[in-house]
Structures are given as structure tokens and as C-alpha cells.
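Trainee: Numbering of the sequence shown is given in the UniProt record's numbering, commencing with residue 1 and proceeding in unit increments.
Where hints are given, some of them may not hold.
What the hints assert, rightly or not - Here are the simulated EDC-like cross-link-like pairs (lysine to aspartate or glutamate), alpha carbons at most 20 angstroms apart as the crow flies:
no., residue 1, residue 2
1, K225, D334
2, K52, E356
3, K38, E8
4, K363, D73
5, K349, D359
6, K188, E178
7, K38, D4
8, K38, E308
9, K349, D118
10, K273, E217
11, K52, E76
12, K218, D337
13, K225, D320
14, K52, E297
15, K273, E284
16, K273, E285
17, K38, E305
18, K363, D58
Worth flagging that the hints you see were computed from the coordinates, not collected in a lab.
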Amino acid sequence: MTTDRLGELTAAGVAVWLDDLSRVRLNSGGLDQLRRDKHVVGVTTNPTIFAKALSDADEYDWQLRDLAARGVDVEEAVRMLTTYDVRWACDVMRPSYDASAGVDGRVSIEVDPRLAHDSQRTVAEARALWWLVDRPNLFIKIPATEAGLPAITAALAEGISVNVTLIFGLDRYSQVMEAFLAGLEQAKANGHDLSTIGSVASFFVSRVDSEVDARLEKIGSTEAKALRGKAAVANARLAFERYSEVFSTDRWRALADAGAHPQRPLWASTSTKNPDYRDVIYVEELIAPGTVNTMPEPVIHAYAEHGETHPDTVTGAYDDARGVFAALESVGVDLADVIATLEREGVEKFEASWQELLDGVRKSLAAAGQGSSSPGDAARGNADAAARAGGNA
1 MTTDRLGELT
11 AAGVAVWLDD
21 LSRVRLNSGG
31 LDQLRRDKHV
41 VGVTTNPTIF
51 AKALSDADEY
61 DWQLRDLAAR
71 GVDVEEAVRM
81 LTTYDVRWAC
91 DVMRPSYDAS
101 AGVDGRVSIE
111 VDPRLAHDSQ
121 RTVAEARALW
131 WLVDRPNLFI
141 KIPATEAGLP
151 AITAALAEGI
161 SVNVTLIFGL
171 DRYSQVMEAF
181 LAGLEQAKAN
191 GHDLSTIGSV
201 ASFFVSRVDS
211 EVDARLEKIG
221 STEAKALRGK
231 AAVANARLAF
241 ERYSEVFSTD
251 RWRALADAGA
261 HPQRPLWAST
271 STKNPDYRDV
281 IYVEELIAPG
291 TVNTMPEPVI
301 HAYAEHGETH
311 PDTVTGAYDD
321 ARGVFAALES
331 VGVDLADVIA
341 TLEREGVEKF
351 EASWQELLDG
361 VRKSLAAAGQ
371 GSSSPGDAAR
381 GNADAAARAG
391 GNA
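Build the full structure now, drawing on both the sequences and the hints.
Mentor: Next comes the structure, spelled out in C-alpha cells:
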């Protein structure tokens, strides 16, 4: 009998989400198949994912021709193209949303990463995306920068569900949870139904090992090299410890009594960057109830094939994780500098992907403007819209 490893992971309390989206996947029914066959109950996106999706598919041609004909500028075109896909994905994932009473079935879209250090503009962009997609199972991704923290609170206070992204360090994670609690308290005061507001905190994993391992290699000692591949899991486990502490307080219980759902930890960047490491290490080593693991499709299939599910590989390992941190400091790894570097580079990488996306759409609009929409293009667009059960471009 074939083992349903992803089913076992789900039973252990880990929500399986897909870290990818494209119109090819939507058109083919691939996303719905993952939902039905692989226990996928959510979707995350980012500028890099969209840049890749729009660069290698002709499924966007008809919409690009329409946008070019309307004279839409490139930034508005990017919003129209990406929100179309996210809206469609929200409709595909709606059964999971309904079955989980609004906890899962979520699809994330990120604010323009160039706004990461501007609170006011981030909130304005979050409102615009929330309105454009117009689906209850949407998450607006806001980065956990210093300027992002008040934006997270403000968006939640307006009833906007938020995926907090680019979290690398424990202290920043504590600030994220504080922003979440403050946002829900304000939402309650504003008369919002807390049961409809969702949030996850995306704690990045593999990038921590990539940065720390590079520093350990540079140090070069036997003690340093023995610590390779241990920092990321330790960091995430200690984050879950902080989560457990915050979401057992009287402050949280008051919100829970008013219908609020906790802000679940989401393990992001879970593909293994080092081929020497087990390809599903960042899934197997971070199994805990009430968490989310968002995986690229190859990781989902790898886990389905050979992943090993052990009940809770996190909560009993806090002391070991602290030991890893102490050992890293003792060999000369400055963990505070690691976290600061990763946050800065994370924003820069998404800004670069966003620029790549803008440049690609600009070229596509120019090319589309040289032609004209044919009846076949219009029919194709109408068929897509009908397939999305009432969504609009």
C-alpha cells in the first residue's frame, strides 16, 4: 500500500502550501490537482515567482494586448496581470478555505517591495491589492522591516489579512507578533469580525543556512565546519518557542475569545540550497502543530516520495537549538549581523525581481501594442474568466 506521506504531515498539524503560481498552472488545472491529490491548502507568491511566470508563457498574451490597447502604464499592467492570477488561485483554493473555516485556502500577493521602508505607501498598496483581488481568502504580504511593522498593524486594523514576509531573526519575529496583536486589538475596536482576519508570519529558513555556512567555511576550523547546516533549523525552532509563549498569554486569549485565529508560523524558503543536505530537511525537522510549510513543487513531490513524518520535531528541541546558537557564537559567527544581512539582501533581491518583472512587462506591452487583439484572443480571455467562476480581469 502506498504511504500518503503528505497526508501524515497534514495530520501532524502542518499545513502544506505551494510556493509558486503561474497562469500555465492555473490553465492546466495543475493547482487544483495539487489541492485534491497532494493536500495543498494554500499558495504563496513573490516578485521572483511572477517574474518567472510572465517571462516564459504565452498565456498572458491576450491580456497584454488588451492592456496595451488601453494605454495602461507598466506598473498598472503588473497589478492587473498578477491580481488576475491571484484572484483565480483564490477561487481554486476556496474549497480549502471553506473547509477550514477560513484558516487555510489562502493565496498571498506581495506589496511592491520598493515600498518596504515606507509605512504609509505600504498600507495604501495593501488596500489597493485587497480591493483589486476582492476575495476573502487573500493574504497581503508585507515585509517585516522596521517600516513594515506599523503597516502590518494598520492593515490588520482595517480587516485586511496579512502574510508577514522576510522574517529572519527572533527579535524581529517578536516585533511581528506584537504588531499582529496590536492590529487585531484595533480591528476589534473598529468593529471588525476577528474570525475573518487571517495572518501568518513567514520565517525564512534555508537562506539562514546559506549565509551561516558561508561564514563557517571562511572561519575554516573543524569546530566551525561541524556546525554547517544547523543554524536554520535551530533558528526556526526558537521562533516557534517564542510563538508558543506569546499565544498562551491572557492578552491573546482575550482575542481568541473574540473569535481571532492565531498568527501561524510559516516556514518559507524551504528548498535545500546545499545538495549535501537532505532535500526535505526543512520539512522533516520543522514539524509542529499549527504551522505552515510553503514548498516549491519539487519539494512537495520529494516529501510525497520519501519524507519521514515524526510527531513534533520542534518543541522538544529548544535546548539543543540554544546550544547551536551558543556554539556558533563561540566559533565567531555574529548572528545579529547574519540576520541584518539577510533582511537587507532579502528586500534587495525582491526589488531586483520586481524590476525584472517591470522590465519584462514593459517589453511585452510594447510588442503587444504593435499588434491587435483578435477574436480568438478575446474568446480565450472570456474562457479563462468563465473558468474562474466569475472572476474578472
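Trainee: Hint by hint, say whether it matches the structure.
Mentor: Each hint, compared with the structure:
1. K225 <-> D334: Holds, at roughly 15 angstroms.
2. K52 <-> E356: Holds: K52 and E356 sit about 9 angstroms apart, inside 20 angstroms.
3. K38 <-> E8: holds (11 angstroms)
4. K363 <-> D73: holds (12 angstroms)
5. K349 <-> D359: holds (15 angstroms)
6. K188 <-> E178: holds (15 angstroms)
7. K38 <-> D4: holds (9 angstroms)
8. K38 <-> E308: With a Cα-Cα distance of about 15 angstroms, the restraint between K38 and E308 holds, given a limit of 20 angstroms.
9. K349 <-> D118: Satisfied, since the Cα-Cα distance of roughly 17 angstroms is no more than 20 angstroms.
10. K273 <-> E217: With a Cα-Cα distance of about 15 angstroms, the restraint between K273 and E217 holds, given a limit of 20 angstroms.
11. K52 <-> E76: holds (18 angstroms)
12. K218 <-> D337: At roughly 15 angstroms apart (the allowed maximum being 20 angstroms), D337 and K218 satisfy the hint.
13. K225 <-> D320: holds (18 angstroms)
14. K52 <-> E297: With Cα atoms ~15 angstroms apart, K52 and E297 stay inside 20 angstroms; holds.
15. K273 <-> E284: Holds: K273 and E284 sit about 16 angstroms apart, inside 20 angstroms.
16. K273 <-> E285: The hint holds at about 16 angstroms.
17. K38 <-> E305: Measuring from Cα to Cα gives roughly 11 angstroms; hence the hint holds.
18. K363 <-> D58: Judged against 20 angstroms, a Cα distance of about 14 angstroms means the pair holds.
When held up to the earlier numbered hints, the structure conflicts with none and fits them all.
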